[in-house]
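K.L.:
Sequence:
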Amino acid sequence: MKETFNINNLKAYLTNYFADINPILSKGNIWVCRIIINNISSFNKYSFFKNLDSVNKIYWLDREDKLEIAGYINLLNKEELNSLQIPNVDITGLSDEVRIFKWRMFSALQKDSLQNSYWDRFNKINSFLPLFGYERNNDKEYLYFNIPVESSEKFISIIDNIFTSENGKNTEISTSPVISEIENITGKDDWKRMMSDAGKLFSSERMEKIVLCRKNRIKFENQISPEDIFIKLLEKRPFSTRFFIGTKNGMAFMGATPERLFKRNGQDIESDALAGTTRRGAAAEEDELLGKELLESGKDNYEHDIVISFLKESYKETCSEFSFPESKSLMKLPTVQHLFTKFRGILKQNISNENIIDILHPTPAVGGIPQKLSLEKIREIEGFCRGLYAAPIGWEKKGEADYCVAIRSGLYYNGELILYTGAGIVPDSDADMEWSEIDNKMKNFIGIFKNDK
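Its first residue numbered 1, the sequence shown is counted upward by one per residue in the numbering used here.
Source of the hints: derived by calculation from the structure; they are not laboratory data. Keep in mind that a hint or two might mislead.
Result set (PhoX-like, lysine-lysine): computed pairs, CA atoms no more than 20 Å apart in a straight line [stated by the list, open to error]:
| no. | residue 1 | residue 2 |
| --- | --- | --- |
| 1 | 140 | 397 |
| 2 | 219 | 443 |
| 3 | 342 | 312 |
| 4 | 188 | 443 |
| 5 | 66 | 232 |
| 6 | 342 | 263 |
| 7 | 397 | 66 |
| 8 | 292 | 316 |
| 9 | 450 | 232 |
| 10 | 332 | 292 |
| 11 | 263 | 397 |
| 12 | 316 | 263 |
| 13 | 328 | 342 |
None of these values were measured; they are calculated from a predicted model.
Let the sequences and hints guide you as you build the complete structure.
P.N.:
Rendered as structure tokens:
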């Protein structure tokens, strides 16, 4: 039997450790002090994550399964973010490891008003600092504390507030969700109308591609938490970046996305061209045949080539040199397979992460071409606010960054899950086939509640 995590011993340890941190405090500034606790073999990360009650929290697991973070977050507006100072003084040995997580609402690109919508609570904040929690980086596991402090009294007060809720205790971690109903908020007639509206754009508006999204609502027979749903995603959706942003009022945005906007290490950068989709086969032979058909599909290659052309121009703007393979490959996921091309480059000097997001997002894989026109028409045709769907979400630290595109995602709200799923529409697209493609993509969520994929 695993030993229960001893929260009181940890509090005592941190209190004593404060003497080592004190030299980096500076009156008038807010410093972020990072503390690492290595010996956590008895720590239950899922139990810890679920028991973070009534707080803002995050979970992040990257596509390579190398970086995993779960913890309590402090939501920051721009002024608060700018006031934080990450010390260069190597007091803890890991001062450069502090990550700031960020997002940018897709709806902000469309100048949507989110007042009185369920996205409103996410709209006012676009940065957050993980204050404390669990982290696994490659094979090393530890607890981290990124605590903004102005004085020793403030530090001790933060520790007291953290541990009065007993978040480290072990409990039953998961209730198995049972679906009672799947409602098409975007109905079949709505979809045909949307496809018809999109078709008119290709001849009259010089549109090359537009990505349209459907909304579905999943209702459950039993009372479940958003954490119950997300833990299923963690277990059943490999080869994807799995993310969870939860608010203290019980709302949560979560997903398992295969698409990386960019990953940066110093001046090295990489991005994904991911467009063109078919389902997985029931057996290996059928699966191989479907993949071959996808690689040879004129419609899907046209859709994918639009994304490649966009990334080529974007990388010319941001990179001194870049490369990508001439032949497309397949990315095989549990429910679908995609045409996939990886771009790699070396960034020009003085290119910030903000610059990269401005240039890369939205790619034609989630927006369209021309970019500005497609954003206007998407809002007009879909008739609803995308919020964080297809938005860039990721983290930054000194010299590094990793941003995903938040597709295959859903919003937990009032005990229900609202799914957002899109398809790339080009002149040869067929409404029924695109509807079926979105159904296959929705299995990314729906399948986790069943015994199948």
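K.L.:
Against each hint, give a clear statement of whether it holds in the structure.
P.N.:
Here is how each hint holds up against the structure:
| no. | hint | verdict |
| --- | --- | --- |
| 1 | 140 to 397 | holds, 18 Å |
| 2 | 219 to 443 | holds, 15 Å |
| 3 | 342 to 312 | holds, 11 Å |
| 4 | 188 to 443 | holds, 18 Å |
| 5 | 66 to 232 | holds, 19 Å |
| 6 | 342 to 263 | holds, 11 Å |
| 7 | 397 to 66 | holds, 16 Å |
| 8 | 292 to 316 | violated, 31 Å |
| 9 | 450 to 232 | holds, 10 Å |
| 10 | 332 to 292 | holds, 12 Å |
| 11 | 263 to 397 | holds, 12 Å |
| 12 | 316 to 263 | holds, 17 Å |
| 13 | 328 to 342 | holds, 9 Å |
Checked against the numbered hints given earlier, this structure breaks only hint 8.
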